[in-house]
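Asker: What follows is the residue order along each chain.
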Amino acid sequence: MAESSTTTSTSSISGASVRRGDRAFSGVSRGAGLLVLVIMAAIAAFLIWRSIPSLAENTGNFLTEQSWNPDGDPSVFGIGALLFGTVVSAIIAMTLAVPVGIGIALFISLYAGRRLSSSLAFITDLLAAVPSIIFGLWGLEVLLSGSEGIQVWLNDWVGWTILFDNRLDLYGKSLFLASLVLSIMILPTVAAVSREVILQVPPGHKEAALALGATRWEMVKMAVFPFAKPGMISAAMLGLGRALGETIAVALILSAKFEVNWHLTEPGGNTFAANIALKWNEAGTTGLSALIASGLVLFVLTLTVNMVARYIIARRAEFSGAN
Amino acid sequence: MKHRLIPTAAVAAALALTLAGCSDADQADTGATGGAGGGTAVSGSIKASGSSAQKNAMAEWVNAFQSANPEVTIDYQANGSGAGIQDFTNNQTAFAGSDAVMKDEEQAAADARCASGPAIHIPLVGGAIAIAYNVDGVDSLTLTPEVIAGIFDSSITKWNDPKIAELNQGVALPDAPIAQFHRSDESGTTQNFNSYLAATVPDAWTYEVGKAWTAPGGQGSKGSDGVASSLTSTKNSIGYVELSFVLDGDLKAAKVDNGGGAVEATSANAANAIAAATVTGSGNDLGLELDPTIAEANAYPIVLVTYQITCETGLPAEQLDVVKPFLQYASSTEGQGILEEIGYVPITGDLLTKVQSSVEALS
Chain A
155 MAESSTTTST SSISGASVRR GDRAFSGVSR GAGLLVLVIM AAIAAFLIWR SIPSLAENTG
215 NFLTEQSWNP DGDPSVFGIG ALLFGTVVSA IIAMTLAVPV GIGIALFISL YAGRRLSSSL
275 AFITDLLAAV PSIIFGLWGL EVLLSGSEGI QVWLNDWVGW TILFDNRLDL YGKSLFLASL
335 VLSIMILPTV AAVSREVILQ VPPGHKEAAL ALGATRWEMV KMAVFPFAKP GMISAAMLGL
395 GRALGETIAV ALILSAKFEV NWHLTEPGGN TFAANIALKW NEAGTTGLSA LIASGLVLFV
455 LTLTVNMVAR YIIARRAEFS GAN
Chain B
4 MKHRLIPTAA VAAALALTLA GCSDADQADT GATGGAGGGT AVSGSIKASG SSAQKNAMAE
64 WVNAFQSANP EVTIDYQANG SGAGIQDFTN NQTAFAGSDA VMKDEEQAAA DARCASGPAI
124 HIPLVGGAIA IAYNVDGVDS LTLTPEVIAG IFDSSITKWN DPKIAELNQG VALPDAPIAQ
184 FHRSDESGTT QNFNSYLAAT VPDAWTYEVG KAWTAPGGQG SKGSDGVASS LTSTKNSIGY
244 VELSFVLDGD LKAAKVDNGG GAVEATSANA ANAIAAATVT GSGNDLGLEL DPTIAEANAY
304 PIVLVTYQIT CETGLPAEQL DVVKPFLQYA SSTEGQGILE EIGYVPITGD LLTKVQSSVE
364 ALS
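If you read the sequences in order, they're chains A and B. Numbering of the first sequence is given in this note's numbering, commencing with residue 155 and proceeding in unit increments. Numbering of the second sequence is given in this note's numbering, commencing with residue 4 and proceeding in unit increments.
Calculated directly from the structure, the hints in this document are not laboratory data. Heads up, some of the hints might be wrong.
[Said to hold, decoys possible] What follows is a list of derived Cβ distance ranges for each label pair:
#1 L191(A) <-> P180(B): 35 to 43 angstroms
#2 L209(A) <-> A300(B): 36 to 44 angstroms
#3 P180(B) <-> V190(A): 45 to 53 angstroms
#4 P205(B) <-> L280(A): 54 to 62 angstroms
#5 F261(A) <-> S236(B): 45 to 53 angstroms
Quick caveat: nothing in here was measured; it's all calculated off a predicted structure. Note that the Cβ used here is the ideal one computed from N, Cα and C, for glycine as well.
The following block holds chain B by itself, in its conformation from the complex (with noise of 0.2 angstroms):
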C-alpha cells in the first residue's frame, strides 16, 4: 500500500502548482488591467462568439493582436449569430459577432445585460458572394439579377439562352445545360444570397429566403469548399460561393449588372457597396441597411456586413480594457487592410470615421 501514497502526492503537488499557477496569473492580470488604463501593454482575456462567416477575420485579428499584446487572450467562438447574440445577452461574452442587426426583442435583451447604455452595433467585417462559373472560352460573363433568377430557379437552362447571350455579345456560349451548384448544407451565405434576389426580382425570386435552398434544380455541394470544388470538377457550371474562394481558385467571377452596368465582384467594388449603405441606427449605433439594388458602376450589389456587438457604455472594466484597444485595431486601416488578403472586405470612407469614432467612444 505504501508505494501508492507516491502517485497521490505528485498528485496534489501538481494540483497546488496549478492553482499556485492560477492565482500568479490573477494578480499579473489586475496588476496590468491598472497599466492599461494609463495607456501601455493591454492584459486580460475575453471571451467572444457569434457568427461564423468572420472566422477567418476574427482569427486573423486576435492572433495579430495577441502577438502586439502577449499577455491578452482573446478566445472568439464562431457558433453562429443567433447563438453568439444569446452568448452575449447571457453575460457569457464580452462581445458578439452577428450577420445581421438585432431584432427589437434581441436588443432588449442585450441592453438589459449593459449595466449603463444600449448594445450597440458595430459594423467591422465586409463580406462578397461571388457568382463563380466555369465555362471554357467564357472568360467573361455578364449577368443580371432576372438572369440569375432563371439560371438558379433552372428555368435558364442552357448557356446559350437568348437571354445570356443578348447580355454577352461577342461571348461564344456553349450550346451546354448549365450545371448549377447551391449549398446543401444550411448557410448564411444562401440566406444572404436568397435575399440579394429576392430584394432585386421580387416577382421571379418567390422562394422562401432562408438558410436552406428552396428553389427547385440544381445541385448541392456541401459548404462553400464543396461548391467550389463541384465547380472546378464540373464543366460548364455555376454556383455561389464567399469572394475568397474566387481570388485564390481557378474559378471566375460573373460581373453583375444591376442597370448601371456590368460590375466586377472585387473586393473594392463590394466596399464601395457597403459604403454606400444607410445607417439606421443612432448614435454610436451603427446598424446599416444594405441596398441590393444598388445600381452603380463600381458597387458591386452582393454584400453583407458582420457587426460586433458591445456595450456602448457599462461594460464590465475587465472586459472594456481588452475589447476597446481589440476593436480600435480592428477598425484602424491596419486592421481592415488584413481584410482584403484573406477575401473580405473592408469598411471604408465615411463609414470606417463613424465606426472608429463609435468604437473610441466605448467606455
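Bound conformation, chain A alone (with noise of 0.2 angstroms):
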C-alpha cells in the first residue's frame, strides 16, 4: 500500500488508474497463487491417468510384491522393495544430517567469529550448489572405498542390531553408502534454513538468558531452540523432501535390487526415483506405465511428508514463545 500511495504522489495519475492497476495487480497474484494448485492437480491427474493402464494388468501386490517385470507376461511389478529403499535411504539421511546441520548453524550463527561464521555460511551455501551427479560419483569413486572401515567396524561391533550386519563380507553399492550421500547431500539445507531461523531469534531472549546467568549451552537450549524449533523442523522436512525425490546420485549408487533387505551394508536397494531414471529409457508401454503409477506413490509420499511437517510446524508455532 505504501509502495502505491508512492507512485500516485510521483506521478499525478488519477484515482480511477490505481483503483485499475490494484485491480490488475491483485488479479494477477491471485492468477500466480492458483496457477500453483491448477498444476499440482495436473500433475496429479496426469500420474493417476497414466498409471492406471498397467495397474490393471498387473498380477503381483503393487504395495507389497519385490520385483519388477511389468512387461513381462505375465506383468508382475509392486513397489515394496522402492518404498522401504526410499523411506529407510530418508530417514538415515536424515538422523545423519540433522544434527549436524543445526550444529554448524548454532556454530555459525552464535559461536564462531564474525570472519569465520560469514565464510563457514558460504561454504555451506557452496555445497547446496553442488549438482547431484558429482555427489552420486564421488560417493562411488570415494566413499565407496572410504567408508569401508566404518562399515566394516560397525559390523564387527554393532552387528548384532542386525542393520549393520554384512553377511557376506563385502561392502559395495548399498542402501547405507546411498544414505551416506543423502546426508551430505541435504546437509546445507538443514544448515542454512536453521541458521536463518537462529539468526531470527530475538536478541533480547538471548541476553536475557545470558544476563540471569545461563551458560552458553543453556543459552541455546531455554532461548534459541524454543524459539526455532518450527523452523528447525521446517528445515529438516526441506532435507527430507530433497532426500526422498534425489534420482541421479543414488541411481548411480545404488545396486537397483528389488528385495526388502534390512542388512542395509549389504550390496542392494533401490529407490522410487532411481528406479525411474534406471528403467525408463528401455521400458515397454506397459513398463512406462508402472514407473509412472511408481512416481504416483512418491508424489504421495512427499505431499504427506509436507502435509505432517506443516502440521507440525503450525501448532509448536503457537507455543513457541516467539510472539
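Two chains, each in its own frame: build the complex with the hints.
Answerer: Have a look at this one:
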C-alpha cells in the first residue's frame, strides 16, 4: 500500500487508474496462486491417468510385491522394495544430517567469530550448489572405498542390530552408502535454513538468558531452541523432501535390487526416483505406465511428509514463545 | 511505432533467405540424384533409427561416408531396436537397425511398407560381450558357462571356490568374496548375456531372459561404463561389459571355455563365431541364428549381431540412392575394417560375401 501511494504522488495519475492497477495486480497475484494449485492438480491427474493401464494389467500386489517385470507376460511389479529403500535411506540421511546441520547452524550463528562465521556460511551454501551427479560420482569413487572401514567397524561392534550386520563380508553399492551421500547432500539445506531461523531469535531473549547467569548451552537450550524449533523442523523436512526425491546420485550408487533387505551395508537397495531413472529408457508401454504408477506413490509420499511437517510447525508455532 | 517495422522486415528478409536456401537445396538434391544414377557423387539425405548397440559404428561410418560425399546427410537415431523397426514400418526412415530378427508380425508390417519386395535383414555390425574381472595377480582366467552362471547368480561366492580353481590350475586365486557387477539399467547387453547362459546352461540359468537383470545377488551399475568403472575401482570384482571396454581399459577379460578349449575374448575370435552362424532367412534376407553353444578353439561364443533392415526392392528412389552406396561402403573391407578399431566385431568370410551381394541386389 505504501508503495502504491508513493507512485500516485509522484506521477499524478488519477484515482481510477490506481484502482485499475490495484485490481490488475491482485488479479495477477491471485492467478499466480491458483496456478500452483492447477499445476499440482494437473500433475496428479497425469500420474493417475497414465498409471491406470499398468495397474490394471499387474498380476502382483502393487504395494508389497518385491520384483519389477511390468513388460513381462504376465506383468508383475510392485513397489515394496522401492518404498522400503526410499523411506529407509531418507530416514538414515535425516538422522545423520539434521544434528550435524543444526550444529553447524548454531556454531555459525552463535559461537564462531564474525569472519569465520561468514566464510563458513558461504561454504555451506556452496555445498548446496554442487550438482547431485557430482555427489553420486564422488560417492562411487571416494566414499565407496573410503567408508568401508566404518562399515566393517559397525559390522564388528553393532552387527547384532541386524541393520549393520554384513553376512557377505562384501561392502559395496549399498543402501547405507546411498544414505551417507544423501545425508551430505541435505546437510547444506538443513544448515542454511536453521541458521536463518537462529539468527531471527530476538537478541533480547538471548541476552536475558545470559543476564540470568545461563551458560551458552543453557542459553541455546532455553532461548534459542524454543523459538527456532518450528523453523528447524521445517529445515529437516526440506532436507527430507530432497532425500526422498533425489534421483541421479542414488541411481548411480544403489545396486537397484528389488528386495527388502534390513542388512543395510550389504549390496542392494533401490528407490522410486532411482528406479524410474534406470528403467525409463528401455521400458515398454506397460513398463512406462508402471514407472509412472511408482512416481504417483512417491508424489503422495512427499505430499504427505510435507503436510505432516506443516501440521507440526503450525502446532508448535503457538507455543514457541516467539510472539 | 515506426521503428517496430525494422525487426519485422528483418525477420521477413531472413525468412525469405531461409526459404530460398531450402529451395536451392531441393534443386541441388534432385539435380545430383540424377548424377548418382550415372555413378558419380552421391547426394541426398536420409533418416534411419534403431539399435543403440551399433551407435558408435554408425557414427563412425556416417562420418567417413559424409566426408567422402559432402552432399549426403545421414541421420541415425539410436532409439532402440523396437522403436527403429516401428519407425521404418511407419515410413519415417530409410532403414532400421535391429539387434534381433523381426518377429513374424513385425516382418509382415515391414514388408507392407516396401512398395515391392520384402524387407530384408543385412547383418553389418557384430559385437561381443566380455567377462571382465579385476583380481590382483590373476592375469589369465578361464571360465565355463556353468561357472559363469554360478558366479552371476551368487551360488559361487569366493574366488578360490574349487569350481573356479579346477579350471585355473596354477593360478593363485585369492580367498576373497567375489564382487559381482551387472547392469542396473535395462539393456540389450544384459539380454544377450542372459540368453547366452540360458542357451548353454538351461538347468542352472532359469532367470528371465530379458533386458532387466533378475538373478539374485551382486551389485548393479548404470551403463556399461558404470560397470567398467565399478570393476576398475573394486578389487576382486567381475562383470560383463561390451568388448570395447576391455580393449582400452585396465580390465582383463576371462577366457570362455564352451567345451572346445579356452577362447580369448578378441574381436577376431568373436568374428569366427559370427561367421559360423546359420542363415535363417532366404534369398537376400540374411537373418542369422547364432550358436551360443559353439565349441571351437577359436570361436568366442558370447556374441551378437546388429542388422540393417531395409526394402530389398521398392525403396523410394531418393532413399535408395543414399542407402545403397552407404551400405556398400559399410559392408566393404574398409567399412568392416573400422569396426575392429572401435571395439566391434567385423563380419567375415562367406557371410561377408553374402552380405555384399545382398546389398548389391538392393533396387
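Asker: When you take the CB atoms of L209(A) and A300(B), is the distance between them in 36 to 44 angstroms?
Answerer: Since L209(A) and A300(B) have Cβ atoms about 53 angstroms apart, the given range 36 to 44 angstroms is violated.
Asker: CB of L191(A) to CB of P180(B), is that within 35 to 43 angstroms?
Answerer: For P180(B) against L191(A), whose Cβ atoms are near 53 angstroms apart, the range 35 to 43 angstroms is violated.
Asker: Does the hinted range 45 to 53 angstroms hold for P180(B) and V190(A) at CB?
Answerer: holds (51 angstroms)
Asker: Quick check: does the Cβ-Cβ distance between P205(B) and L280(A) fall within 54 to 62 angstroms?
Answerer: holds (56 angstroms)
Asker: Is 45 to 53 angstroms respected by the C-beta to C-beta distance linking F261(A) and S236(B)?
Answerer: violated (35 angstroms)
Going down the numbered hints, you'll see the structure goes against 1, 2 and 5, while the others check out.
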